[in-house]
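*Asks:* The listed protein sequences derive, respectively, from chains A and B. Mapping the first sequence onto my numbering, position 43 (from 1) lands on 43, and the numbers just tick up by one. Mapping the second sequence onto my numbering, position 378 (from 1) lands on 378, and the numbers just tick up by one.
Calculated directly from the structure, the hints in this document are not laboratory data. None of these values were measured; they are calculated from a predicted model. For glycine and all other residues, C-beta sits at the position ideal for the given N, C-alpha and C. One should not assume that every hint holds.
Said to hold, decoys possible - Here are the computed distance ranges between Cβ atoms for each label pair:
no., chain 1, residue 1, chain 2, residue 2, range
1, A, P143, B, D417, 38 to 44 angstroms
2, B, S253, A, L126, 56 to 62 angstroms
3, A, F104, B, G406, 50 to 56 angstroms
4, B, E364, A, A31, 51 to 57 angstroms
5, A, L126, B, S474, 27 to 33 angstroms
6, B, A475, A, W110, 52 to 58 angstroms
Said to hold, decoys possible - Chain B regions said to be covered by chain A (calculated; three or more residues, Cβ under 8 angstroms):
no., stretch
7, 74–86
8, 397–406
9, 521–531
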Amino acid sequence: MPRRRMSLFWSVVVACASIYVFLAFVFPYAAMWIAGSENALPVPAALIAIFMALTIVGALIHVSTDDDRLREFLDPVVRLLRGWDRSEGYSTRAVARLAVLTAFPLLVGWVVYGAAAPDTRTPSLLRIQHPTMPGRYENLTNPFADVDEATRAQYIEEGTTLYQVNCRPCHGTKADGAGPMARGLRLKPADFQDAGTIGTVVESYAFWRIKEGGRGLPMAASPWDSAMPAWKDELSDEEIWKIVMAEYAIAGREPRKPESHE
Amino acid sequence: MRQGTSQARTKLRAAAFHALLILCAGMASVCAGQVVLDGFPTETVAMTPEIVEAGRQLYTERCSFCHGVAGAGDGSVADYLDPRPRDLTSGIYKFRTTGTGELPMDEDIFRVITRGVPGTAMPSWTEVLTEDERWQLVHYIKTFCEDFEYLTEEDYVEMRITVGAELASTAETVAKGEELYRNMKCWECHGDRGRGDGPASGTHTDDWGYPIWPFNLTQGWQYRGGSTAKDIYIRFTTGISGTPMPSYADNLSDEERWQLAHYIRTLIAEEAAPGSSVVLRSKSLKGDLPTDPSDPRWETAEPTEIALSGQVITRPRWQNPAIESINVRSLYNEDDIAFLLEWDDRREDRVHQVGDELSADDVEDTYVRLGSSRPQEAMRDAVALQFPVKMPEGPVKPHFYRGAPGKSVNLWMWAADRSGDAERDTSVEEMNATGYVDPPVPQPKESQQTHGAATWSEGKWQAVISRTLTTEDSAKDIQFVPGLFIPIAFNAWEGSNGERGLKMSMSSWYSLLLETSTPVSVYLYSLVGILLACGFELWLVRRLRKAGPA
Chain A
1 MPRRRMSLFW SVVVACASIY VFLAFVFPYA AMWIAGSENA LPVPAALIAI FMALTIVGAL
61 IHVSTDDDRL REFLDPVVRL LRGWDRSEGY STRAVARLAV LTAFPLLVGW VVYGAAAPDT
121 RTPSLLRIQH PTMPGRYENL TNPFADVDEA TRAQYIEEGT TLYQVNCRPC HGTKADGAGP
181 MARGLRLKPA DFQDAGTIGT VVESYAFWRI KEGGRGLPMA ASPWDSAMPA WKDELSDEEI
241 WKIVMAEYAI AGREPRKPES HE
Chain B
1 MRQGTSQART KLRAAAFHAL LILCAGMASV CAGQVVLDGF PTETVAMTPE IVEAGRQLYT
61 ERCSFCHGVA GAGDGSVADY LDPRPRDLTS GIYKFRTTGT GELPMDEDIF RVITRGVPGT
121 AMPSWTEVLT EDERWQLVHY IKTFCEDFEY LTEEDYVEMR ITVGAELAST AETVAKGEEL
181 YRNMKCWECH GDRGRGDGPA SGTHTDDWGY PIWPFNLTQG WQYRGGSTAK DIYIRFTTGI
241 SGTPMPSYAD NLSDEERWQL AHYIRTLIAE EAAPGSSVVL RSKSLKGDLP TDPSDPRWET
301 AEPTEIALSG QVITRPRWQN PAIESINVRS LYNEDDIAFL LEWDDRREDR VHQVGDELSA
361 DDVEDTYVRL GSSRPQEAMR DAVALQFPVK MPEGPVKPHF YRGAPGKSVN LWMWAADRSG
421 DAERDTSVEE MNATGYVDPP VPQPKESQQT HGAATWSEGK WQAVISRTLT TEDSAKDIQF
481 VPGLFIPIAF NAWEGSNGER GLKMSMSSWY SLLLETSTPV SVYLYSLVGI LLACGFELWL
541 VRRLRKAGPA
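If we strip away everything but chain A, and leave its shape as in the complex, we get:
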């Protein structure tokens, strides 16, 4: 039995549709499985748009490489637009043609409305969570890194006292970002127990954030939304280093090790 080949037009449509389905629905779950994440990891809309544009351009190049192929590709479109013989009566084809011809102007109208109507969606808080730290902090090292165990424990205790007095109101006794003041802040205090906060940065980064606070953030990190004080006004560098050590200890996290240059 001879296999019927799908027409060029429909194979292009099917190819584009399957790539979209893959990007929008299959990939997030595949990525979730590979990364061992708890949630699906959706592909950003901008990326999907780029991939789809590439797909469509590729398909157009493919169909337009020679005249015959282009004609074969356009044939169903041309036939649809041109219409069929009246003698066929109101066939399904005629209905489909009418539907396409009606849908196109409506689609255009909808797009124009969407672009022109006032936007009443809630403005989003877009911000970079971990902006690059200034160079002068990059090479700082914890002056208490190489002390013996007993001294270290003592520094952590001193740091914990400082933490509980100064940081606890927002970041919480347990360093979970849920202190009594957190309820009234829209930009929530960082949850240090979370794997994505202090566990992903080097100690000097935490030192920078405490010392310079919200005021020291670059514009991309929306400093105007941060309630983090610049603790350099209040605490000595040594006190801040002790707080950094205590913060990791309370949250049960390890700082990222700085990369070394050979």
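Got chain A; can you put chain B on it based on the hints?
*Replies:* Showing chain B alone in chain A's frame:
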């Protein structure tokens, strides 16, 4: 065959009898016996020296900073907290399932560690400490107070309260409860509407001599010992040791305590969770805007619950703010915009004997340290709205805490001590700030264009603040344009809580939107789009028909 069936039947009967026995025992223990609450342990762990030692280590690591190394409630943090951390040496425990004045059950201590104390600095330890670790703490904490050593098994059985069968909440029980609320004079402290504003409010101290306010029963998220009817019933039964709240076990019957509990439940305001909506929608209105808080037209505007925290960014950092929520509505017409702000406040403070300069005590430490008495000078209640002076281009805004140098904010501050004069309503003052370092600068008299009217009743302020949409003074005033998201933030002061200047409650930026109907031009554009598309189709079809065979 027959014998077998009868045997099976006997067995079945026996089993049914046993099941019934167990059920009855279970019912008895639930109905009139031991109390079981959420947060109770799944099993009891007995004390051993090893458990106490493990508890000591955990306590030093996790609890000592507030409760003190020796449990006296005097850790490094204690002086900053209101209410203060529990003094564990005293044997006075607030939240118990034992009779008035008694020591707590182990389960009660376990429960407080497990679920924390809402509305205070005590968090829930469920995620951080296992059940075994919490038991270690229970047994270690008990060593701080030697009274526990003398308790026998029988004492525990005797001091534990029994809970009668829960009464259903019906219109009738609630009405009975309301009657009890009046007759038992609950209102003397807690106020007619339960906002902690009764005539005796502000006169109490706890057993340690610190000032204490009657609880605001309408704030559901603040119930220290839990907000179910059962929790509230238990408070009436046990009282709250160390505070002026007595036990009513001897004055009210079991049934009456349930009725009162069900009435208290009805006082809890249906909260739109603060912060659930970040857009305050100002509704367009034809005609004059309401100037009175009780105007029924406010009902047509959608309320937004604004969450506030203490000002903790610079000295005087303040972590015991009295006002944690403001309910805001807004209406506007062609010329003006008006806001209705409503917030709970136990006392009406209309006198201001001091300036907004803070005393040295308030700025001595990184956070305001609490004194052991109430503020001596009278301070006023106040509230302020904050807008950027210039509409931000792109996402960049002034800082939500009083703006920043070069990024000025416009403040409209209403204060309870200012009475309006005949020429101009002066209860609201327009000011500008470019950061927190210098105090906000009031605008000159001729630039003051905001109006305000406020009333205090039953523990609640209602303030209406209004201005024209636009002003001549665009260098200092926000200009309201419908359809744009305008940043808006709030500050609040409760005088009786010693709040003034930067010792205040504040919110982050929210968005104000003056709602607009879709302009006609949008529909026109869409129509033009549709017509153009039809024309294109027509042209294409005709061209194709002409070009090739049908």
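*Asks:* None of the hints should be skipped; say for each whether it holds.
*Replies:* Each hint tested on the structure:
no.	hint	verdict
1	A/P143 x B/D417: 38 to 44 angstroms	violated (52 angstroms)
2	B/S253 x A/L126: 56 to 62 angstroms	holds (59 angstroms)
3	A/F104 x B/G406: 50 to 56 angstroms	holds (51 angstroms)
4	B/E364 x A/A31: 51 to 57 angstroms	holds (54 angstroms)
5	A/L126 x B/S474: 27 to 33 angstroms	holds (28 angstroms)
6	B/A475 x A/W110: 52 to 58 angstroms	violated (42 angstroms)
7	74–86	holds (count 4)
8	397–406	holds (count 6)
9	521–531	holds (count 10)
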